[in-house]
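Undergrad: For the record, the sequence lines run as chains A and B.
Residue numbers for the first sequence follow this note's numbering, beginning at 1 and rising by one.
Residue numbers for the second sequence follow this note's numbering, beginning at 1 and rising by one.
These aren't lab readings, by the way, just hints derived from the structure by calculation.
A portion of the hints provided could be inaccurate.
Negatives, chain A to chain B, calculated, CB over 12 Å [unchecked claim]:
| no. | residue |
| --- | --- |
| 1 | Pro26 |
| 2 | Thr124 |
| 3 | Glu137 |
| 4 | Lys157 |
Heads up, simulated DSBU-like pairs for lysine-lysine below, C-alpha to C-alpha not over 30 Å straight-line [stated by the list, open to error]:
| no. | chain 1 | residue 1 | chain 2 | residue 2 |
| --- | --- | --- | --- | --- |
| 5 | B | Lys2 | A | Lys114 |
| 6 | A | Lys106 | B | Lys3 |
| 7 | A | Lys83 | B | Lys156 |
| 8 | B | Lys83 | A | Lys156 |
| 9 | A | Lys83 | B | Lys40 |
In this text the structure is predicted, and so the values were computed from the model without any measurement.
All C-beta atoms in this analysis are idealised placements derived from N, C-alpha and C, irrespective of residue type, glycine included.
Protein chains: 2
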Amino acid sequence: MKKIECEIIEVQDYPIPGIVFKDLTPVWKDQDLFNILIDKMTEIWVECEIDTVASIESRGFVVGAPIAYKLNAGFVPLRKPNKLPREVYSQAVSLEYGETEIQVHKDAFQESKKVLIIDDLLATGGTATAAFKLIPENLVTGFGFMVELSELNGRKKIEEISDARIESLVIYD
Amino acid sequence: MKKIECEIIEVQDYPIPGIVFKDLTPVWKDQDLFNILIDKMTEIWVECEIDTVASIESRGFVVGAPIAYKLNAGFVPLRKPNKLPREVYSQAVSLEYGETEIQVHKDAFQESKKVLIIDDLLATGGTATAAFKLIPENLVTGFGFMVELSELNGRKKIEEISDARIESLVIYD
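Extracted from the complex, chain A is given alone in its bound form:
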């Protein structure tokens, strides 16, 4: 039986020199591992009455949408600029490399009471904290990540603005 940790491929100097990129696609393409991955990332939150999963474009969708399905929750995409067709809120994002923005429809969380933020990777926490700021106050119940690069201190950055629970499946020191 393959293990999730062992199938992640480290790609040197991608997308820019000095970055070691964690390629998660070998985990996702494996029938058993994709299933185990979603089950493990979901089971933590089963008793939390999550009604909405919000995920960040686009790798976040790959883990967030199945978790929403399994939790019987709705799914809200937090998207790159100019991708959503109706009125949006925007947040600037500082990434490990570069700057961008994420957006969400203004009516996305109208009926939400408990929101779970899911992304594939927690690095510096720039995307996760921007996601948090896009979601109305007090709705965020937790943050779930497939992989956490702990030396980049993203967890600390989230904890500075939110008391919500943070769970990562695979943590690199």
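For chain A, the structure is supplied; the task is to place chain B on it using the hints.
TA: Below, chain B without anything else, positioned relative to chain A:
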């Protein structure tokens, strides 16, 4: 009980004048509808022994990844240019508006026997046929779409290059 068809919002002149954009996010954010959507899109393929679901970035991931999970299949992302970190195959895509390219890791389908292509929307068929060409011959077992805009003849375009089954949940004339 809400209905999928009734929650899709038509946005005039987005992303360019003359296009009526189908905004599917109201369906996805609804707990019941997202669940029903994935169940309905999946049940068609349950007996087809699908081992891999391939979906197109990024809205395709929102439906494709949960379907992969539910079918106990692996998930392969077909991505926009320069997003995948290792060696890729590329295909040009003619869209309803504009041109782009989609890419996949060269080793993505190494262990696949039956591949299901999932996307949110079938319009002109440009993306779906490009996806088909990225997948090794004879592996594509079917195409599944949440919405089909039948007047744009995407179904016909797919049928010109593939005998695989094509299923759409909501069809607009």
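Undergrad: Which numbered hints are broken by the structure, listed smallest first?
TA: 1
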